[in-house]
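*Asks:* For the sequence shown, counting from 1, position 84 maps to 84 in the UniProt record's numbering; every step adds exactly one.
No false leads were mixed into what you were given.
In silico DMTMM-like cross-links for lysine to aspartate or glutamate, where the CA-CA straight-line distance does not exceed 20 angstroms:
1) Lys108 - Asp137
2) Lys101 - Asp137
3) Lys108 - Asp188
4) Lys108 - Asp152
5) Lys101 - Glu72
6) Lys108 - Asp201
To be clear, the hints were calculated from the coordinates, so they are not data collected in a lab.
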Amino acid sequence: MSAMRVNILQHTPEEGPGAIRIWAHDRGHKVFVYHPAQHGKLPTVDETDLLVVLGGPISPNDSAPWIAAERELMRQMMAAHKPIFGACFGAQQIAKLMGAKVSPAPAKEVGWAPVRRLTTVIPGIPKSLTVLHWHQDRFDLPAGAIRLFESDQIDNQGLLVNGNVIGLQFHLEVMEDNVYTMVVNDGDYVRGSVLNQTAQDVADFPIPAENFLVMARLLDFISRRV
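Whenever a hint applies, use it, and build me the whole structure from the sequences.
*Replies:* Right, dumping it as structure tokens:
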């Protein structure tokens with residue numbers, strides 16, 4: 001794999017790239033982090049080898065101009081057959097771009113809980129992973145997408161499109177410091193979650209070592225043709 005320019009779209013200070021940045025640096029890639037919600041700037045498709053769209057306290061259904069502009073960039077990336085990884089809001093952006101509905105989930109899902117693998121199309125993924133959930137919306141599965149994961153609360157926890165676009169409703173990218181940052185800045189969000197965990201419970205949970213390996217495996221999978 002040749003060195004890539006990895007462009008990351010970060011929407012809120014407390015939800016950073018975590019393991020994605022480590023993966024990129026381990027493979028000699030260059031990382032550029034954009035903050036479209038704050039500065040209104042996005043990369044072009046020509047200067048992007050891999051696009052990462054992170055989470056945030058917004059919805060693809062919101063009317064901020066940068067949200068639609070972000071989806072247009074994603075549309076251009078898919079038309080150019082370039083890889084995209086979306087986490088939480090990023091996964092919802094992928095689904096909405098493809099014409100699927102994004103709407104409130106039956107229950108708010110915030111905290112650590114398992115997801116189950118539904119396909120072996122990506123090799124080397126365990127049957128179950130314990131991951132961080134931080135959302136109260138969900139997406140329908142777009143036509144032509146492969147459903148990757150499910151949880152007890154949400155049927156569509158991950159999708160794969162065209163072999164090089166992955167969206168995960170959960171946060172596989174978080175490292176220990178990312179979780180601490182989320183909790184100290186947005187810990188009140190855990191209230192009302194069906195998972196019944198406190199902010200301290202979330203902060204104290206030991207992140208499974210396999211999560212980093214799976215995050216790397218997914219990114220390797222979608223970028224293998226670059």
